[in-house]
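Can you join these two chains into the complex? Each is in its own frame, and there are hints to help.
Which chain is which? The protein sequence lines are A and B, in order. Counting from 1, one number per residue, gives the positions in the first sequence under the working numbering. Counting from 1001, one number per residue, gives the positions in the second sequence under the working numbering.
Just to be clear, a hint being listed does not mean it is correct.
Claimed, not checked - Cβ-to-Cβ under 8 Å is the rule here; a few derived chain B residues that face chain A:
# : residue
1 : I1156
2 : L1166
3 : P1182
4 : A1197
5 : S1200
6 : L1206
Unchecked claim - Sample of chain A residues with no beta-carbon within 10 Å of chain B, all distances over it, derived:
#  : residue
7  : T37
8  : A45
9  : S53
10 : L65
11 : L67
12 : V68
13 : I72
14 : H79
15 : R80
16 : V102
17 : V105
18 : S106
19 : V108
20 : L134
21 : S146
Please keep in mind that the hints were generated in silico from the structure rather than gathered at the bench. From the three backbone atoms N, C-alpha and C, an ideal C-beta is built for every residue, glycine too.
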Amino acid sequence: MSDLGYDAAHMLGAVVLLMSFALLYQRRLFSLLNVFTMQALALTATAAWQAYSHGEPHLYITALLTLVLKAILIPVALHRIVVKMKIHRTIEPALGIGLTMVAGVSLVTLSILLVLPVTADATALTRENLALSLSVVLLGLLMMISRRNAVSQVVGFMSIENGLILAAVGVAGMPLVVEMSVAFSVMVAFIIFGIFLFHIRERFDTLDMQKIESFRGESD
Amino acid sequence: MSAVAVIVATPLIGAAVLALVPGHRLGARLNIGFSTVTLLASLVLFGLEPSSGALFVVDAFNIYLIALTAFVGLTTSVFSASYIAHEIAVGKLDERKLRFYHAMYQAFMFTMLLALSANNLGVMWVAVEGATLTTVLMVSLYRTAASIEAAWKYFILCGVGIALALFGTILMYMAAQPVMGPGMAAMTWTELMDHVAKISPAILNLAFVFLLIGYGTKVGLAPLHAWLPDAHAEGPTPISAVLSGLLLNVALYAVLRFKMLLAANGQAIAPGPLMIAMGLASLLLAGLMLYRRRDVKRFFAYSSIEHMGIITFAFGMGGPLANFAGLLHMAMHSLTKSAIFYAVGHAVQVTGTQRMDRISGLTVSHPALGWGLLAGVVAIAGLPPFGVFMSEFLLVTSTFAREPLLALPLVVGILVAFGALVLRVQQLCFGAPGGVEGGGASVEPVPVQGTLVPLYAHLALVLVAGVWLPGPLVAWFQTVAALLG
Chain A
1 MSDLGYDAAH MLGAVVLLMS FALLYQRRLF SLLNVFTMQA LALTATAAWQ AYSHGEPHLY
61 ITALLTLVLK AILIPVALHR IVVKMKIHRT IEPALGIGLT MVAGVSLVTL SILLVLPVTA
121 DATALTRENL ALSLSVVLLG LLMMISRRNA VSQVVGFMSI ENGLILAAVG VAGMPLVVEM
181 SVAFSVMVAF IIFGIFLFHI RERFDTLDMQ KIESFRGESD
Chain B
1001 MSAVAVIVAT PLIGAAVLAL VPGHRLGARL NIGFSTVTLL ASLVLFGLEP SSGALFVVDA
1061 FNIYLIALTA FVGLTTSVFS ASYIAHEIAV GKLDERKLRF YHAMYQAFMF TMLLALSANN
1121 LGVMWVAVEG ATLTTVLMVS LYRTAASIEA AWKYFILCGV GIALALFGTI LMYMAAQPVM
1181 GPGMAAMTWT ELMDHVAKIS PAILNLAFVF LLIGYGTKVG LAPLHAWLPD AHAEGPTPIS
1241 AVLSGLLLNV ALYAVLRFKM LLAANGQAIA PGPLMIAMGL ASLLLAGLML YRRRDVKRFF
1301 AYSSIEHMGI ITFAFGMGGP LANFAGLLHM AMHSLTKSAI FYAVGHAVQV TGTQRMDRIS
1361 GLTVSHPALG WGLLAGVVAI AGLPPFGVFM SEFLLVTSTF AREPLLALPL VVGILVAFGA
1421 LVLRVQQLCF GAPGGVEGGG ASVEPVPVQG TLVPLYAHLA LVLVAGVWLP GPLVAWFQTV
1481 AALLG
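With the rest of the complex left out, here is chain B (with noise of 0.2 Å):
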């Protein structure tokens, strides 16, 4: 059996597992021990050759996404198992909910895991609409009006960009078809890239605009973005960190691959410039919504809408460069933003509050937690000596070589959201420590035994990527910037 096989039968034997077994200690456990599996499968794959077979594709684009997703994946059911102990102490959550919970987290990492390494457009729009599904469930685990109400929101907008999607996939095979002859082939990424050539343009460029919207809901672009920060604001918190991390990539990850199939037939539009005006509308809108946010979870989601945002301005702009710091950004977003949202959701379980003006002086009462958070808003605002800096710099400076007037728009809007990031901050760490929220007289507040290894872990490798990145990495990822075309 092949490695690939392992990486995606795995969580889905997980998931089924985790089904039957009763008490989330062990659940937890178990969880861990799969997401370990399938980190470890993944690893094998850089040991061998690129191949595709009818089912799965394994080449240079891909591979680093689904390492990021397995290794964001492992971190993030760390973080799980300390934080929903905490959630079982003060009883937002009981066992039969997170047997539930147990079993959706390895569904969804299966789904995306089959999404990144399918090698058919049809198995592809399966895996989404199945990691959709999986989400939804999870974001309205508390059962409270406003979860419940964030994943409606979430299941029917993404439920339309899903429909949308399958029409631009079923139009893809529409342009396909007269050329490769009716069946499987023509829905499979290797067999139309090598005849995309000689694909009529016309259809494609709809099927694009039709995909581009549809992945685009999911991928959280304006104006389709209204979902995703009530869905990453109401449900657990380790699910609003493989969303932002995983999940987002994941649908961007779809999109690319019909960005290449374009890039590859020639004659059809260049998906540039919708690509830099969806990048650059959720970078400003974002940035701006940042000052009026009110809630800290919901504060950071709009963060991972601007650096989507900055991601996909990155890839319509294309280029060796261009491409060089969007794929290097999602890493680096990933990473970050998935450790951002594990401090959050310590520092909320120690005050008691998503509140975020009713949090300040983290460093003061929790150090550890506080300053894990604050090198992590750092990072993310873009400071050096972390990994984001690099690769906005690049793109930056790559943007201002070739087209200076997109320069302009772009450094506005990430200077409009450094500022929104550097003002809470402030606030959130520093100054005096805030009280325990809902406590009260009766109650003693749980102490919280939050683990901050994953936090310190993910931190860790941004700082080493912004000081030095491996040479067979920078090579590779050339590679994979030449291929995006």
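Bound conformation, chain A alone (with noise of 0.2 Å):
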């Protein structure tokens, strides 16, 4: 691949684990959702760089996916929810910037330290794309774990089905790709579908062990 094909296909993917910091620390809703728009639209640009740099227009349906999909309908939908459960407001109690920000970078590492000596015969682009798309994965659990509303959980999840697709799209000749996150995006429609249906407002789990108690029934 010349020169030019691998900085940008690398650049594109250093944008999509870019946007997953941003996501990290964002605690407006409304700002949360625009940057999970943006990182829909690096991931668009990535899969549609690689269908045309490795000739292969199957991925061209897979970006097309992804412009349609996330970085058009579901921020419109969850845009919605947002407003007509009136959570708009709601400033989340999310770590602090500098501790996310260092729980971040240290995932990052563990994936570089992890991906780059298992993968020493693969080519540059693979590994490099492995170690970014795996650091996606675990910034969005990350978000998952940290964050206390349905929709920030759900953007989370997207954001570690971002991360697969980027895994996915760098592999050479990957086939199923399309398939697969379609599967996938029905998933997380019918998670939004749940959401919106019966107003899911937070996750379940608490601290607070007499709430757990009786969500189990086993109160007395």
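As structure tokens, then:
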């Protein structure tokens, strides 16, 4: 692959990771959704670029799906849910920016330390792409753990999915990428549908033991 | 059309038909009908040679799980028919929900059978993901706050698990692609098994860790088991039966397929210690948790975690004997646990409560049901003459012979769980019968027209397996045990 192709793919992957970091410290739901939209756009560009540079036309479908679903439909739907449930003013008790960044950077370090030694004989692009996508997955998990609101958990979940698609488009000739991303999107759609239908505002995990016991129907 | 295509297509057609059929009686009958066709088709498989194509693979390993799944699917559909008739009578469910329920039941069977028979990593992943979706919808069927919470928790936790499994699948392809070239071959089980020796073990190791954690979430292995008790307790009881009896097996099957790849590779890390650790953790944790449970369905859900722990431990130990014990225990647990859920389902209906301290004296008030439940619990506790005793005995003795230090926590875990089961079953089955709850003065309690055929059919099979395993079955479990490495 030409230097330009390599650089562009690398840069786009890095933008997706950068957006993951930005997601971590957004405390207002609207800004969270905006950052997520930008991550989806970066992912769209990555998939389209891989489709072009590797000559794999089916990745254009992945790019198109990402664009339509994750950059347009889902953010719009979540935006409406946030307005409807009147939680747009909520400021989430996320961890401090400093602490979150330290945790995020250590996760990225971890994934680089994990991936680079085991992929010694793969191409440079594959290796770095894998390290980037594992970082995005881990940051998404961090976000799901540190957030309480159902909407931001879903955003965390979808950023994990973005990491997976980043990994899948980076591996040469991976079959079924489109099918698997469709299956995943169906799942996300159901989750969003669930929030919308049942007005799930918060995840139910709580540190209040009394509350947990009553949820389990085991209060006495 | 091959038999395996019929097995997979029947429930899919069933789902489409049942989505259109009004009336829960007709729906329940059709549900049984489609399940019967699936079971018959899966029995045909035994007469055919093992085969593999681009889409499906049938070998010694999955054929028995396919037959088991189809069988428990059928018996559960029979139980479900009598269960939902009562739920309709007491007004807990309505026709519209039941149409949805029946369609989802067949869709769930479809995803499980597809996951078991798929010859492709990606297709299997999509199928397991579909199984998650359909069960989430069924767990939340009652639409109570608790059931929606349970479904949500299940969804989020298993969603993350499924995501990690996909990452593992991508890694697996990445490991295979340099050797086998780009394209579908590097995602096909049979092709992978042929070429796995040449695949770089480093990425394979990394992939397996993700797959174990990802699919392990669905197996209900500690510490990723949090979704399981809620999902079992809040959904309709037939769903608890198929979740425990079948879905956990399917997820474990996925892990074991990857373990086979690692074993065939030779240079990759031994997956054993990881699986032993997770298995023991689940066994001990669930064993201790059993003592504090007050909800009867939740109680048996923890018992499922315990048994999945034992099975995972067995496959982690590896070797012909432990693998044999693991395979046998998978079948025995699935039959026994679904039988227990059939009994519990009717017990909850006749007493009107899931609280264990309010259910008592079942052997006096409902002898057939009470003794059936007692036999089921005796079987699951691992007492002779039932099949679970055989598999646990085999596992414990083979572990003592090879790793006495590991046998110690295993035995402790089994005994701890045994104590809890004995403690609870006394209260459930003996003593003075409790009254019926939820009836009140104004509402007449609706008599329960339960069927006990599925319950006793399962118990009979488990009993026969405990007393006498047919020779061909033993030979064939041994072949699979050798395959698993």
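Going through the hints against the structure:
no. : hint  : result
1   : I1156 : holds, 7 Å
2   : L1166 : holds, 5 Å
3   : P1182 : holds, 2 Å
4   : A1197 : violated, 16 Å
5   : S1200 : holds, 6 Å
6   : L1206 : holds, 5 Å
7   : T37   : holds, 20 Å
8   : A45   : holds, 20 Å
9   : S53   : holds, 15 Å
10  : L65   : holds, 15 Å
11  : L67   : holds, 21 Å
12  : V68   : holds, 20 Å
13  : I72   : holds, 22 Å
14  : H79   : holds, 21 Å
15  : R80   : holds, 20 Å
16  : V102  : holds, 23 Å
17  : V105  : holds, 21 Å
18  : S106  : holds, 19 Å
19  : V108  : holds, 16 Å
20  : L134  : violated, 7 Å
21  : S146  : holds, 14 Å
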